[in-house]
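Listed here are the chains, written in short residue letters.
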Amino acid sequence: MSTDPPSETIPREEIESGRVLAAVAYLPALCFIGLIGAPENRYVGFHARQGFLLFLLEVVACIALAIYDASLGRIPLLGFLVGAVVRFVLGFGFLAATIYGVMKGATGEMARIPYLGDAIRKVPF
Amino acid sequence: MATPGEKRFWLLRRLSKGFLVAAWIVLILVLLVTPVAVARALIQGNHEELIFWLSYAGSGLLIFVNLLWVAQSIQAILAIEENTRHTGYVLEKLTTLAQQIRDRLPPETGTGTEEGSERGAGIDRPGLGAG
Numbered sequence: 028m029s030t031d032p033p034s035e036t037i038p039r040e041e042i043e044s045g046r047v048l049a050a051v052a053y054l055p056a057l058c059f060i061g062l063i064g065a066p067e068n069r070y071v072g073f074h075a076r077q078g079f080l081l082f083l084l085e086v087v088a089c090i091a092l093a094i095y096d097a098s099l100g101r102i103p104l105l106g107f108l109v110g111a112v113v114r115f116v117l118g119f120g121f122l123a124a125t126i127y128g129v130m131k132g133a134t135g136e137m138a139r140i141p142y143l144g145d146a147i148r149k150v151p152f
Numbered sequence: 097m098a099t100p101g102e103k104r105f106w107l108l109r110r111l112s113k114g115f116l117v118a119a120w121i122v123l124i125l126v127l128l129v130t131p132v133a134v135a136r137a138l139i140q141g142n143h144e145e146l147i148f149w150l151s152y153a154g155s156g157l158l159i160f161v162n163l164l165w166v167a168q169s170i171q172a173i174l175a176i177e178e179n180t181r182h183t184g185y186v187l188e189k190l191t192t193l194a195q196q197i198r199d200r201l202p203p204e205t206g207t208g209t210e211e212g213s214e215r216g217a218g219i220d221r222p223g224l225g226a227g
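Those protein sequences? They're chains A and B, same order as listed.
First residue of the first sequence: 28, per our numbering; consecutive thereafter.
First residue of the second sequence: 97, per our numbering; consecutive thereafter.
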């Protein structure tokens with residue numbers, strides 16, 4: 028079970044050495060690079076797990092949108108409009124979360140993404 | 097010769113280059129295939145095929161943008177890191193230099209300023225000037 032260490036328990040050197048991998052972890056599907064590149068670094072581990080959750084959410088959203096397109100999205104005009112709005116909102120939200128995570132990871136802060144960061148303890152690695 | 101930063105993040109650099117190459121390959125494929133297919137669908141008057149190829153081009157462009165975004169993000173993060181390290185190095189050097197200069201300077205005494213003020217006062221005195 029992974030633990031979520033508070034930022035003050037992690038030495039400054041560990042944070043400094045893991046800043047790049049922590050920032051990269053929020054890019055789509057690149058969270059595993061941090062876990063492979065620095066498995067012992069707790070700072071990278073925290074951001075990589077958060078990045079993994081974000082990636083998982085993106086995949087789930089993609090699947091949900093594909094299902095929507097194949098079903099309700101076929102309703103003339105309304106289906107397309109609702110789908111476009113949902114796509115825009117989701118895309119903008121994911122982009123904002125990614126930029127927020129990259130910024131926090133690069134500046135050495137152990138900040139949680141709102142709503143998503145609370146689920147970090149449930150990540151099985 | 098590779099710098100320590102390049103050696104350290106070689107995987108990320110290669111990934112970034114890989115993503116960039118993949119993005120351009122996708123774009124070239126889309127640009128090569130789509131116009132021909134769209135033209136054929138238009139000539140045949142097949143609307144279903146036309147919509148299929150247009151959606152194919154759209155998703156191809158989306159993949160291109162996504163790959164490009166990831167590649168450029170990695171490069172930006174690496175550039176920021178490199179910049180931060182250089183800034184830290186320069187600051188450290190400057191601090192060391194300033195310390196060395198401070199060490200070589202004679203120790204400051206309280207009388208120096210008093211003498212200076214007296215000297216300055218002497219110049220102002222009438223009779224001591226061009227005399």
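By construction, these hints were calculated from the structure, which means they are not laboratory data.
A quick note: this is a predicted structure, and the numbers were derived from the prediction, not measured.
Do not rely on the hints blindly, as some may be mistaken.
[As the list claims (entries may be wrong)] Straight-line Cα separation of at most 30 angstroms, DSS-like style, residue types lysine-lysine; simulated pairs:
{"hint": "1", "chain 1": "B", "residue 1": "Lys189", "chain 2": "A", "residue 2": "Lys149"}
{"hint": "2", "chain 1": "B", "residue 1": "Lys113", "chain 2": "A", "residue 2": "Lys131"}
{"hint": "3", "chain 1": "A", "residue 1": "Lys149", "chain 2": "A", "residue 2": "Lys131"}
[Stated by the list, open to error] Pair by pair, the computed Cβ-Cβ distance ranges are:
{"hint": "4", "chain 1": "A", "residue 1": "Leu143", "chain 2": "B", "residue 2": "Leu187", "range": "34 to 40 angstroms"}
{"hint": "5", "chain 1": "A", "residue 1": "Gly118", "chain 2": "B", "residue 2": "Thr191", "range": "44 to 50 angstroms"}
{"hint": "6", "chain 1": "B", "residue 1": "Asp199", "chain 2": "A", "residue 2": "Pro38", "range": "30 to 36 angstroms"}
{"hint": "7", "chain 1": "B", "residue 1": "Ile121", "chain 2": "A", "residue 2": "Gly118", "range": "20 to 26 angstroms"}
{"hint": "8", "chain 1": "B", "residue 1": "Arg136", "chain 2": "A", "residue 2": "Val116", "range": "20 to 26 angstroms"}
{"hint": "9", "chain 1": "B", "residue 1": "Gln195", "chain 2": "A", "residue 2": "Glu40", "range": "21 to 27 angstroms"}
{"hint": "10", "chain 1": "A", "residue 1": "Arg39", "chain 2": "B", "residue 2": "Leu157", "range": "41 to 47 angstroms"}
{"hint": "11", "chain 1": "A", "residue 1": "Leu143", "chain 2": "B", "residue 2": "Ile197", "range": "47 to 53 angstroms"}
{"hint": "12", "chain 1": "B", "residue 1": "Glu178", "chain 2": "A", "residue 2": "Arg101", "range": "26 to 32 angstroms"}
{"hint": "13", "chain 1": "A", "residue 1": "Glu40", "chain 2": "B", "residue 2": "Thr191", "range": "43 to 49 angstroms"}
{"hint": "14", "chain 1": "B", "residue 1": "Leu127", "chain 2": "A", "residue 2": "Val86", "range": "26 to 32 angstroms"}
{"hint": "15", "chain 1": "A", "residue 1": "Phe119", "chain 2": "B", "residue 2": "Thr191", "range": "30 to 36 angstroms"}
{"hint": "16", "chain 1": "A", "residue 1": "Ala123", "chain 2": "B", "residue 2": "Val129", "range": "48 to 54 angstroms"}
Backbone N, C-alpha and C define an ideal beta-carbon position, used for all residues, glycine too.
Hint-by-hint comparison with the structure:
1. B:Lys189 <-> A:Lys149: 45 angstroms, violated
2. B:Lys113 <-> A:Lys131: 25 angstroms, holds
3. A:Lys149 <-> A:Lys131: 21 angstroms, holds
4. A:Leu143 <-> B:Leu187: 34 to 40 angstroms: At 36 angstroms between Cβs, range holds.
5. A:Gly118 <-> B:Thr191: 44 to 50 angstroms: Given about 46 angstroms between the Cβ atoms, the range holds.
6. B:Asp199 <-> A:Pro38: 30 to 36 angstroms: Between B:Asp199 and A:Pro38, where Cβ atoms are some 31 angstroms apart, the hint holds.
7. B:Ile121 <-> A:Gly118: 20 to 26 angstroms: 24 angstroms, holds
8. B:Arg136 <-> A:Val116: 20 to 26 angstroms: Cβ of B:Arg136 to Cβ of A:Val116: about 37 angstroms, so the range 20 to 26 angstroms is violated.
9. B:Gln195 <-> A:Glu40: 21 to 27 angstroms: With a Cβ separation near 23 angstroms, B:Gln195 and A:Glu40 satisfy 21 to 27 angstroms, so the hint holds.
10. A:Arg39 <-> B:Leu157: 41 to 47 angstroms: 44 angstroms, holds
11. A:Leu143 <-> B:Ile197: 47 to 53 angstroms: 51 angstroms, holds
12. B:Glu178 <-> A:Arg101: 26 to 32 angstroms: 50 angstroms, violated
13. A:Glu40 <-> B:Thr191: 43 to 49 angstroms: 19 angstroms, violated
14. B:Leu127 <-> A:Val86: 26 to 32 angstroms: Holds, at about 28 angstroms.
15. A:Phe119 <-> B:Thr191: 30 to 36 angstroms: Given range 30 to 36 angstroms: violated, Cβ gap about 44 angstroms.
16. A:Ala123 <-> B:Val129: 48 to 54 angstroms: Check failed, 34 angstroms falls outside 48 to 54 angstroms.
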